[in-house]
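With the hints as your guide, set chains B and C onto chain A.
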Amino acid sequence: MHQNSYAYYARVVALLNPPAARRPGVHRGAVVRSAVPESACIGENVVVGRGVQLGDNVTLQPGCVIGDGVSIGDDSLLHANVVVYDRCVIGRRAIIHAGAVIGSDGFGFAKEGERWVKIPQIGRVVIGDDVEIGANTSIDRGALDDTLIADGVKLDNQIQIGHNCSIGENAAMAGCVGIAGSTRVGRRCTIGGAGMISGHLELGDDVHVSGGTLVARSLSRPGQYTGVFPLDGHAEWLQNAAQLRRLAKLVERVAELEKKIKPMEIEY
Amino acid sequence: MHQNSYAYYARVVALLNPPAARRPGVHRGAVVRSAVPESACIGENVVVGRGVQLGDNVTLQPGCVIGDGVSIGDDSLLHANVVVYDRCVIGRRAIIHAGAVIGSDGFGFAKEGERWVKIPQIGRVVIGDDVEIGANTSIDRGALDDTLIADGVKLDNQIQIGHNCSIGENAAMAGCVGIAGSTRVGRRCTIGGAGMISGHLELGDDVHVSGGTLVARSLSRPGQYTGVFPLDGHAEWLQNAAQLRRLAKLVERVAELEKKIKPMEIEY
Amino acid sequence: MHQNSYAYYARVVALLNPPAARRPGVHRGAVVRSAVPESACIGENVVVGRGVQLGDNVTLQPGCVIGDGVSIGDDSLLHANVVVYDRCVIGRRAIIHAGAVIGSDGFGFAKEGERWVKIPQIGRVVIGDDVEIGANTSIDRGALDDTLIADGVKLDNQIQIGHNCSIGENAAMAGCVGIAGSTRVGRRCTIGGAGMISGHLELGDDVHVSGGTLVARSLSRPGQYTGVFPLDGHAEWLQNAAQLRRLAKLVERVAELEKKIKPMEIEY
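Those protein sequences? They're chains A, B and C, same order as listed. Residues in the first sequence are numbered consecutively from 1, following the numbering used here. Residues in the second sequence are numbered consecutively from 1, following the numbering used here. Residues in the third sequence are numbered consecutively from 1, following the numbering used here.
Next up, chain A with everything else stripped away, as it sits in the complex (with noise of 0.2 Å):
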């Protein structure tokens, strides 16, 4: 389909069938320790901390944990049990789906001899304007700066943004992506379900990552990447991969016979 006209249908379906109407107010067992605008539709049993800042019309379903200090935008919506930890920032228009969780403790340890010693994760995550986050994903705070996503961002469902990560405006994951720690991804990135991006790494602007590869070294110039073995029937795939792992084996034998050949054909 034309892409316009795709985006012309998602408008009409808009049209046609608007959200459930929200019902403002601080509804039965929600306890709020800030001031909120009255257009707040805080849902049962939602907790906001103290020093949260809420934008207009923002919506809060049932079983929301908001930490001390959040700020949430104009319009957002959470819904159901989503979990923002403390000094969280989210934009304006964020549709945030249930049982995903803002800001836990990025996976920070130093060795120790043979234990781990935590590192305390000081930073926040900050997330821009027009941002969908999908259900069950999580989004770790950063180790001391702060994790970035920014405008226009769309996480689909069980999602890992590791600490420190920055994500650029419009780019797009599918669902069981994680992206490892310290990572940039470019400005309208896309990465196809369950692609996993090492850490410390830098995708450009219009990097796209077929779903199921493995990024393991940062990709500068726009285009897509693929890392992905190829399905077959078992039996197979068994014969295929036993000789994979003799491939450097077979480089050599054929270089082999190469050498034996050359002095051949000097004789024709």
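It should be emphasised that the hints constitute simulated quantities derived from the structure, not laboratory data. Treat the hints with care, as some may be off.
Copies of the same chain look alike in the list, so a pair counts if it works inside one copy or between any two.
As the list claims (entries may be wrong) - Each computed DSSO-like pair below joins lysine-lysine, with the alpha-carbon atoms no more than 27 Å apart:
1. K118 to K249
2. K262 to K249
3. K260 to K249
4. K118 to K259
5. K118 to K260
6. K262 to K118
7. K259 to K111
8. K111 to K249
9. K111 to K262
10. K111 to K260
Computed from a prediction, not measured in an experiment: that's the story for all the values here.
Same frame as chain A, but now just chains B and C:
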């Protein structure tokens, strides 16, 4: 172990270990906006929306959030903090584990210039009888039509099912599986842990996908399918993986050798 | 950075950034059915079941659901909306992040004709001291015996640990890892992001699995193990992946060439 004896074992263990006694009633802090049977056990701080239909002996453990218009069949058990979005349907004897999310929006956006426009997701999730769903698993609602989970399906933890998928009767999927949108999985299929199925595919009945395998094409014939890079010591892997990226070239070199040796053979 | 200096840095950051003050007491909407120490901090809308044993200075943040007979050691911190199923044991100084689920049923079914019969999961999860567990991570209870997480284990977000696994002391796993049922992971093992370990395997002490690697056999020797399809431009990948499915055939062709060239060599 013989399969029948294994099923027999399952029944004996069940007999010897009856589930904890249910305590019917609406517990403290629960907010119930629909008429529910007296046999319902509505745990602490559960929220049940408007127009919800519960069968007999439904158990909703603490912190569950059940949207408006949801239907849940007889004898179903939702563990703590499960979220079911508006209008979704769950059959009889369901077991849904903690943190699962049923009916979150599918990942549907139209591109408009650099930005993504959300396509409203107005379908439902419809789940048959005797389905078990693991902890922190997410199942997206359909865009226009419904996402369908047939009778007897068993889903492990941390699974992602995209919008408009259809999962056939008695299919089973191990942990961390992802099924992208609009894919149909046949009856009695099994998908090993972390298996990933791309979108808009069709897997016939009795297709078995090995763990860690990415499926990027439809599979109509029954059988076991695999695509996994074989494990090796890191040094050996480095060698073989480097050669793999030159495999097409190696094939050319072998073809060249074959061409050269052809005339020599005639002489002998 | 030198490891000791890194650990030193961790301690300095911790000193300069003490955790937010605890507010002991049972907060609004919490339902506590067991006797708990005065030092416990039970957040809003927490549910604590019967026969629960809490050590000193335990913090349960809002929305946590603690099943009957659970035990949690001194100084442990459960972030918001964590669910701990009945009878599980958590040691001292645990940090469990939001949305984690401890003790859900293992994925155990016996086949009976076309249908799956549930095998009751009556073991527990037993977690040692100084364990950290990431956001939205799930750990299944054992079928008969227990799932064991030893002292000092660090688990990142979105991890799945199957029933009856045993994870050795000070092992660490990055995000999106999956460990299938009944696998034993040795002491000090590390598993990179999205690493997947099949069921019923044994990984010895000091085994290190690279990110994105599927392990389908036991590994007794210490060392680094890897199995990842190398990333490439999509066009190049297509070429190489297609050849990969004919690798066994290529090996035969090379062997044929070697056989043919053998008698020619004698002449020289």
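Query - Those earlier numbered hints the structure runs against, lowest number first - result: 1, 4, 5, 6, 7, 8, 9, 10
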